[in-house]
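Chemist: Listed here are the chains, written in short residue letters.
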Amino acid sequence: MVQPLVPPQNTTRPQGATAPKVTPPPALEVAGLTVAYGEKPVVFSVDMTVAQGTMTAIVGPNGAGKSTLLKAVLGLVKPLSGDVRLFGQTLNRARDRVAYVPQRASVDWDFPARVIDVVLMGLHRELGLLGRVRPAHLDRARACLARVGMEDFATRQIGQLSGGQQQRVFLARALAQAADLYLLDEPFAGVDAATEKAIIAVLKDLRAEGRTIVAVHHDLSTIRAYFEEMFLINTRAIAAGPVADVFTSANLQRAYGGRLGEAQVAGMQAAGGAAP
Amino acid sequence: MGAEFVALSLSPLLIGVLAAVTCALPGNFLLLRRQALIGDAISHVVLPGIVVAFLLTGRVAALPMMLGAAGAALVSVALIEAVRRTARIEAGAAMGVIFTTLFAAGVLLLEQSDTSGVHLDVEHALYGNLESLIWLDATGWASLFDPVALAGLPPELPRMAVALLIVGLAIGLMWRPLAIATFDEGFAATLGLPVRAIGLALVMLAALAAVAAFDAVGSIIVIAMFICPPAAARMMTDRLAAQVAWSVGFAILSAILGYVLAGYGPLWLGFANSVSAAGMIATVSGLILGLAMLLGPCRHPAGAAAAP
Numbered sequence: 001m002v003q004p005l006v007p008p009q010n011t012t013r014p015q016g017a018t019a020p021k022v023t024p025p026p027a028l029e030v031a032g033l034t035v036a037y038g039e040k041p042v043v044f045s046v047d048m049t050v051a052q053g054t055m056t057a058i059v060g061p062n063g064a065g066k067s068t069l070l071k072a073v074l075g076l077v078k079p080l081s082g083d084v085r086l087f088g089q090t091l092n093r094a095r096d097r098v099a100y101v102p103q104r105a106s107v108d109w110d111f112p113a114r115v116i117d118v119v120l121m122g123l124h125r126e127l128g129l130l131g132r133v134r135p136a137h138l139d140r141a142r143a144c145l146a147r148v149g150m151e152d153f154a155t156r157q158i159g160q161l162s163g164g165q166q167q168r169v170f171l172a173r174a175l176a177q178a179a180d181l182y183l184l185d186e187p188f189a190g191v192d193a194a195t196e197k198a199i200i201a202v203l204k205d206l207r208a209e210g211r212t213i214v215a216v217h218h219d220l221s222t223i224r225a226y227f228e229e230m231f232l233i234n235t236r237a238i239a240a241g242p243v244a245d246v247f248t249s250a251n252l253q254r255a256y257g258g259r260l261g262e263a264q265v266a267g268m269q270a271a272g273g274a275a276p
Numbered sequence: 001m002g003a004e005f006v007a008l009s010l011s012p013l014l015i016g017v018l019a020a021v022t023c024a025l026p027g028n029f030l031l032l033r034r035q036a037l038i039g040d041a042i043s044h045v046v047l048p049g050i051v052v053a054f055l056l057t058g059r060v061a062a063l064p065m066m067l068g069a070a071g072a073a074l075v076s077v078a079l080i081e082a083v084r085r086t087a088r089i090e091a092g093a094a095m096g097v098i099f100t101t102l103f104a105a106g107v108l109l110l111e112q113s114d115t116s117g118v119h120l121d122v123e124h125a126l127y128g129n130l131e132s133l134i135w136l137d138a139t140g141w142a143s144l145f146d147p148v149a150l151a152g153l154p155p156e157l158p159r160m161a162v163a164l165l166i167v168g169l170a171i172g173l174m175w176r177p178l179a180i181a182t183f184d185e186g187f188a189a190t191l192g193l194p195v196r197a198i199g200l201a202l203v204m205l206a207a208l209a210a211v212a213a214f215d216a217v218g219s220i221i222v223i224a225m226f227i228c229p230p231a232a233a234r235m236m237t238d239r240l241a242a243q244v245a246w247s248v249g250f251a252i253l254s255a256i257l258g259y260v261l262a263g264y265g266p267l268w269l270g271f272a273n274s275v276s277a278a279g280m281i282a283t284v285s286g287l288i289l290g291l292a293m294l295l296g297p298c299r300h301p302a303g304a305a306a307a308p
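Read top to bottom, the protein sequences are chains P and R. Residue numbering for the first sequence follows the working numbering, beginning at 1 and increasing consecutively. Residue numbering for the second sequence follows the working numbering, beginning at 1 and increasing consecutively.
So here's chain P without its partners, still in its complex pose:
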């Protein structure tokens, strides 16, 4: 029997004083990670720890290695050195607990598939090689579409969608995986305001369920409103911690190398602070 939404395998919400005092392993732990394309290191000696049940933005200038960091965590690019642990385990053991939302532009949307077909790809581990798609699977895929506000588009060809709608389909596919850790590469890039709102609402829901979110994010003005933790990178790790501590003009200047003016940073901090 397939349930519409599977609860996280490892609840990490504070259970009150009665809960036994066992510290859960971090959702993500990266140690000494170095990735190079050719001669040039893109990610250099990065350490990163993401606690379970948190929402982290990976932030940095273009070419800072943000996407590469995600890809190395997922085993999509081979690091020169370093160690990655997910929930205290190797990627191969923790694979079922991780969902990846790639950049929308990384695929050809002219592929002959309907929206529901793409969401069903998220159920591949259950369906297996030859398992038949049963009504319960379709129901779950539709429930995931409903969560991102796309239930009416289930039978549309994916190429007919707007960029924002495509991004939501990708998120629905990740929801179908019922993972505990969601890794998203620029989920808000080039999407409309309604989509941005829908996506952040879903991510905050996931976070409230005790799941962990890590997203590459490029829009400094929304970091304070959207995320609680922040990882600042420019090939090397610059700073990491709660947004309130890390989102300082000094840190941003170090990451962006003086490309951001004082006033700009101050303005963004004000904008972020104004949001709830």
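By construction, these hints were calculated from the structure, which means they are not laboratory data. Only a predicted model underlies this, so the values are computations on that prediction, with no experimental measurement involved. Possibly wrong hints are sitting among the right ones.
[Stated by the list, open to error] Just the calculated beta-carbon pair ranges, DEER-fashion:
id: 1; chain 1: P; residue 1: L130; chain 2: R; residue 2: V162; range: 32 to 42 Å
id: 2; chain 1: P; residue 1: A105; chain 2: R; residue 2: E90; range: 10 to 20 Å
id: 3; chain 1: P; residue 1: A51; chain 2: R; residue 2: I166; range: 47 to 57 Å
id: 4; chain 1: R; residue 1: L200; chain 2: P; residue 2: A31; range: 31 to 41 Å
id: 5; chain 1: P; residue 1: D96; chain 2: R; residue 2: G152; range: 50 to 60 Å
id: 6; chain 1: R; residue 1: P155; chain 2: P; residue 2: L91; range: 48 to 58 Å
id: 7; chain 1: P; residue 1: N92; chain 2: R; residue 2: F5; range: 55 to 65 Å
id: 8; chain 1: R; residue 1: L200; chain 2: P; residue 2: L91; range: 15 to 25 Å
id: 9; chain 1: R; residue 1: A87; chain 2: P; residue 2: G241; range: 42 to 52 Å
id: 10; chain 1: P; residue 1: A201; chain 2: R; residue 2: R196; range: 50 to 60 Å
id: 11; chain 1: R; residue 1: L200; chain 2: P; residue 2: Q89; range: 20 to 30 Å
id: 12; chain 1: R; residue 1: A161; chain 2: P; residue 2: E126; range: 33 to 43 Å
id: 13; chain 1: R; residue 1: A241; chain 2: P; residue 2: E126; range: 13 to 23 Å
[Said to hold, decoys possible] Stretch by stretch, here's where chain R covers chain P in the computed footprint (C-beta under 8 Å, at least three residues):
id: 14; stretch: 66-80
id: 15; stretch: 95-107
id: 16; stretch: 111-119
id: 17; stretch: 124-135
Beta carbons are placed, not taken as given, at the ideal position from N, Cα and C, and that holds for glycine.
Got chain P sorted already, so can you dock chain R onto it with the hints?
Modeler: Just chain R now, kept in the frame of chain P:
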């Protein structure tokens, strides 16, 4: 009439249909992965493979030639990968470089070696000898149930049937991972799917199709069937399974229509001789593609309609 058809046309027609379908099936996925040229590459490098096999064994036998062709296909795939990675040449260009070079080398080898005594020449390599694959033991439709007559079937027919069976079964078996990896390779890899092995398996199936079809129908049909039916099918539907079904239909239509037009078309037009069936089949598949481009319901690239 019936007896003549069974003896002279049934076998080449069936071989043409089997070859067309065997190539069109993997062609769908090659096209969606933007690797359509790899079919072109493989079908060209089959020539040097066959020549080398002939030079090594000294005879025109099916098995060593198939092995030589398959070996050449493997070598070409490895070379394309190597050129692409080391020389920073874009994939399409890498394929073009490799297959023209190897094909040319095959032509030189062919010229230098004494193959005059056997039926092995460039024309054969391009157009095959579909019309000559006749079934002399047949006396009529009843021969289909006569074991003695069936033993006289051209060996290309069962060979092509086995190739289609293997290609069809393999694609059916790995359908789901193949579809996911074709659409979104990164995502497929995070699911733990062996994306490189899947890509290699697809190329190997294409090589099997090309090698099996090459001997019977020549590389022109192989190249055309890898690309034309799937490309036309893409413009008929927006679903992968339906696209593959359409491509099979178009492949069958091309083979039958092409064979008939080649045999009788020139006579209808008042010319004395028929034309190459392989050439006509490839031409028909191109015409079908043209019609699909003009009339297919899904001919507009997706995204053109949806503006934002």
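Chemist: For each hint, tell me whether it holds in the structure or not.
Modeler: Checked hints:
Separated by about 23 Å at the C-beta atoms, P:L130 and R:V162 break the suggested range of 32 to 42 Å. For P:A105 and R:E90, the Cβ-Cβ distance of about 19 Å falls inside the hinted range of 10 to 20 Å, so the restraint holds. A beta carbon spacing of about 51 Å between P:A51 and R:I166 agrees with the range 47 to 57 Å that was offered as a hint. Restraint check, R:L200 to P:A31: a C-beta distance of roughly 33 Å satisfies the suggested window 31 to 41 Å.
Between P:D96 and R:G152 the C-beta distance comes to about 57 Å, which sits within the given range of 50 to 60 Å. At roughly 50 Å, the beta-carbon separation of R:P155 and P:L91 lies within the given 48 to 58 Å, and the hint holds. The supplied range of 55 to 65 Å is met by P:N92 and R:F5, whose beta-carbon atoms lie about 59 Å from each other. Look at R:L200 against P:L91: about 22 Å separates their beta carbons, and that is inside 15 to 25 Å.
Checked against the hint of 42 to 52 Å, the C-beta distance between R:A87 and P:G241 comes to roughly 45 Å, which is consistent with it. Separated by about 38 Å at the C-beta atoms, P:A201 and R:R196 break the suggested range of 50 to 60 Å. Here the CB-CB span from R:L200 to P:Q89 is close to 29 Å, well matched to the stated 20 to 30 Å. R:A161 and P:E126 have their C-beta atoms about 36 Å apart, which keeps the hinted 33 to 43 Å range intact.
For the hinted restraint 13 to 23 Å between R:A241 and P:E126, the CB-CB distance of approximately 20 Å keeps it satisfied. Evaluation of the coverage hint for the stretch 66-80 of chain P: fulfilled, as 4 residues show C-beta separations to chain R shorter than 8 Å, against a requirement of three. Under the rule that three or more residues need a Cβ within less than 8 Å of chain R, the assignment of the stretch 95-107 of chain P holds, with 7 such residues. Using a Cβ-Cβ cut-off of 8 Å, 6 residues of the stretch 111-119 of chain P lie near chain R, which meets the minimum of three, so the contact claim holds.
Look at the stretch 124-135 of chain P against chain R: 5 of its residues bring a Cβ nearer than 8 Å to a Cβ of that chain, three or more, so the hint holds.
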